[in-house]
Amino acid sequence: MTGAKILVECLKREGVGAIFGYPGGVVLPIFDELYDSDIKFILTRHEQGAAHAADGYSRATGKIGVCLATSGPGATNLVTGIATAYMDSIPMVAITGQVKTFLIGSDAFQEADITGVTRPVTKHNFLVKDVKDLALIIREAFFIASTGRPGPVLIDLPVDVQQAETEFVWPEDVQIRGYKPTYFGHPGQIKKAARLISQAKQPVIYAGGGVITSGAHRELKELAEKIKAPVAMTLMGLGGFPGTHELSLGMLGMHGTAYANHAIMGADLIIAVGARFDDRVTGRLDAFAPHAKIVHIDIDPASISKNVKVEVPVVGDAKNILGQLIEEIKKAPDISAWLKTVEDWRKRHPLHYKDNDKIKPQYVVEQIYDLTKGDAIITTEVGQNQMWAAQWYKYLHPRSLISSGGLGTMGFGFPAAMGAKVACPDKTVIDIAGDGSIQMNIQELATCVCNKINVKVAILNNGYLGMVRQWQELFYKRRYSQVCIYAPDFVKLAESYGAVGILVTRKEEVRPAIERALSVDNTVFMDFRVEPEENVFPMVPAGKAINEIIGGLA
Amino acid sequence: MRHTISVLVENKFGVLARIAGLFSARGYNIASLAVSETMDPEISYMTIVVEAEDVKVLEQIKKQLNKLIDVITVTDFTKKEHIDREMILAKVNYSAKEKVKLEGLFDKYVGKIIKAKGDTAIIEAVGDQGQIKALLDQLDKFGVKELVRTGRLAIAE
Ligand SMILES: Cc1ncc(C[n+]2csc(CCOP(=O)(O)OP(=O)(O)O)c2C)c(N)n1
Ligand SMILES: [Mg+2]
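Heads up: the sequence lines are chains V and L, in that order. So the first sequence is numbered by this note's numbering: it starts at 1 and just counts up by one. So the second sequence is numbered by this note's numbering: it starts at 1001 and just counts up by one.
Incorrect hints may appear among the rest.
What the hints assert, rightly or not - Each computed DSS-like pair below joins lysine-lysine, with the alpha-carbon atoms no more than 25 angstroms apart:
#1 Lys1115/L - Lys1141/L
#2 Lys1080/L - Lys306/V
#3 Lys1141/L - Lys1117/L
#4 Lys340/V - Lys201/V
#5 Lys1063/L - Lys180/V
#6 Lys1115/L - Lys306/V
#7 Lys192/V - Lys1056/L
#8 Lys306/V - Lys1091/L
Said to hold, decoys possible - Estimated spans, in silico, between C-beta atoms of each pair:
#9 Glu1042/L - Thr182/V: 22 to 28 angstroms
#10 Trp170/V - Ala1020/L: 31 to 37 angstroms
#11 Gly1151/L - Ile104/V: 25 to 31 angstroms
#12 Asp1084/L - Ala337/V: 56 to 62 angstroms
#13 Ile104/V - Ser1036/L: 21 to 27 angstroms
#14 Arg1002/L - Asp36/V: 58 to 64 angstroms
#15 Gln1129/L - Arg218/V: 53 to 59 angstroms
#16 Asp173/V - Gln1138/L: 54 to 60 angstroms
#17 Lys191/V - Gly1027/L: 24 to 30 angstroms
Claimed, not checked - Partial list, derived from the structure: chain V residues whose beta carbon lies under 7 angstroms from chain L:
#18 Arg119
#19 His124
#20 Pro301
Hints in this document: simulated from the structure, not taken from any laboratory. Positions of the beta carbon are idealized from the N, C-alpha and C atoms, including for glycine.
Take the sequences, apply the hints, and build the full model.
Listed below in structure tokens is the structure:
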């Protein structure tokens, strides 16, 4: 078999449902094989779109997203998408073509050292030099991407290796001696954690994306209900615990709810599950949760004690460990006084915005929630739109929010929505977008229309790079430098691609527009002309303690 | 504080770049690095001397190294009985007058004059950190024109 055929055969055996990609010179042998294959191939309009789509596919399902690009510019165009997946621990396999092995290093046409370029933004990467190694490398790539703390893996495949022939042997088993993730919590650590929990008077559960990756949402709910601890989530953790649950504090951190931040600051015990104490969550580190002991559950030992001091580290898979922990906790602590305090914060500092007869972006998000009954997959771009989507939509299920948390990549949401829709064709998929971000991968409209991938895009069009404008307003004396962003006529633009565009300039048109968008069988751009200078509150300025909140206390 | 750690890695191309990249990306400092094959040609052994202001940083370095797929084991010698050695080659000023004095150094230190030509002698020496430092202080009195060092090697007892 040729290398190209082996690749396609392996992808099939790995259960790959779709490939997102773009052709080019050195991947011709692969595309020739794909011509006869029944693996679905989605031709995007930009390799960045392919990478984000593969990522969105993965986030929506937990399955491994796959993207494919040619060497040189094709490969470098994937990099932002790979880095985005890396920062959020998303399993993905990126395949790139490479110039012939004997030309590598000669500055050949369309040569880029992509394994060198992606080394810091992949979990691992491979340059295949011998076709005999190919099958095993593909197996290892899928294994590494999806196990332990997941992440993107890149395989760089020179064109002569694609053409070379060898006997195909499917490696049944993968053994990598330097890679042995821990899945079950150490019983001694579980005991210690259980003891701390039983003694706690003011516990808070702090849940991150690891809950979703590991599928630990049921166990998380069981634990929270068993010990009656309130649950604060990171952006990545939203959906890991139902947003409508009485113990849910919503999101914490820079734009988190005031009550989540007060709760974490007042806690005497933080049970961190699959979260990494990112600076957007902790605020000023030396002022973070001064009274709290910390139990930290994470599959990545390097995430533990990286930023904060941890009393009880428990390394392993969140689902297993929470299960072990629930068994081990014999006596739930009595924390009724604490819950009262938390409820009091919730009543005194609710999430709110000043509604009026203009279109408030928060209102738009609320209406989307109302009309989808929380049952859609929401993707977001980056900026204010992302924070409003996090605050005002209630995520009831894991994998219902898909957002670039770690890298904060503008242009992510639309192609990610596309990938999510390919993965879950029966789901409504809505990208809550900004007018700036949507312009970063807007070319994917063509991909959506051609392939009938009907995603809905709700553009919160404020005429600004709103989040940057907000910082300039608050911290740079309203000196608006390069944040006023001209946008095209989104309705005409959508129509020119064969999609549907809806312009919304009045508040009473908001609901009907969403209803119409949800009912038409096409990709839809909704252009909501929202209040231009609306700000995201509450807000903790960068570098402040997370209970030094501005704007949210009114 | 300097710490000596050793890392067993898969002997594959790009491994050194991964290790070096990890240190530079995360802002850790390498004081010295020695790499070579082991008896098993598929495995390389690295001795790395790292600069870490506190235990937390050292712990992170070890954890991050362990995360690399090609890293098989990481050993920290900070609290472990071990032997460490470094070899140096140095060109020092040389004259017939000082010959005896220079040779006399090697009664105390492990090393020798490999070659003496004109006004330069090339010296090799091996020792632990303390010995090498002491020897270099001595050699400095003659005038060191050029110095190369292997970096530290370490092996557990
Ligand atoms: C690729 C990229 N470039 C720049 C930024 C910095 N940035 C963060 S938010 C933002 C503004 C986003 O504007 P828009 O999409 O209109 O969203 P809004 O904040 O107005 O809702 C910018 C420029 C980024 N996150 N990603
Ligand atoms: Mg905007």
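Comparing the hints with the structure gives:
1. Lys1115/L - Lys1141/L: Roughly 19 angstroms separates the two Cα atoms, so the pair holds.
2. Lys1080/L - Lys306/V: Satisfied, since the Cα-Cα distance of roughly 24 angstroms is no more than 25 angstroms.
3. Lys1141/L - Lys1117/L: holds (19 angstroms)
4. Lys340/V - Lys201/V: Roughly 12 angstroms between the alpha carbons, so the hint for lysine 340/V and lysine 201/V holds.
5. Lys1063/L - Lys180/V: With a Cα-Cα distance of about 13 angstroms, the restraint between lysine 1063/L and lysine 180/V holds, given a limit of 25 angstroms.
6. Lys1115/L - Lys306/V: Roughly 51 angstroms separates the two Cα atoms, so the pair is violated.
7. Lys192/V - Lys1056/L: holds (22 angstroms)
8. Lys306/V - Lys1091/L: violated (45 angstroms)
9. Glu1042/L - Thr182/V: 22 to 28 angstroms: With a Cβ separation near 25 angstroms, glutamate 1042/L and threonine 182/V satisfy 22 to 28 angstroms, so the hint holds.
10. Trp170/V - Ala1020/L: 31 to 37 angstroms: At roughly 35 angstroms between Cβ atoms, alanine 1020/L and tryptophan 170/V fall inside 31 to 37 angstroms, so the hint holds.
11. Gly1151/L - Ile104/V: 25 to 31 angstroms: holds (30 angstroms)
12. Asp1084/L - Ala337/V: 56 to 62 angstroms: The hinted range 56 to 62 angstroms holds for aspartate 1084/L and alanine 337/V, with Cβ atoms some 57 angstroms apart.
13. Ile104/V - Ser1036/L: 21 to 27 angstroms: Since isoleucine 104/V and serine 1036/L have Cβ atoms about 25 angstroms apart, the given range 21 to 27 angstroms holds.
14. Arg1002/L - Asp36/V: 58 to 64 angstroms: holds (59 angstroms)
15. Gln1129/L - Arg218/V: 53 to 59 angstroms: The hinted range 53 to 59 angstroms holds for glutamine 1129/L and arginine 218/V, with Cβ atoms some 55 angstroms apart.
16. Asp173/V - Gln1138/L: 54 to 60 angstroms: For glutamine 1138/L against aspartate 173/V, whose Cβ atoms are near 58 angstroms apart, the range 54 to 60 angstroms holds.
17. Lys191/V - Gly1027/L: 24 to 30 angstroms: violated (37 angstroms)
18. Arg119: Nearest chain L Cβ about 5 angstroms off; hint holds.
19. His124: Hint on histidine 124/V: holds, closest Cβ of chain L at ~5 angstroms, below 7 angstroms.
20. Pro301: holds (5 angstroms)
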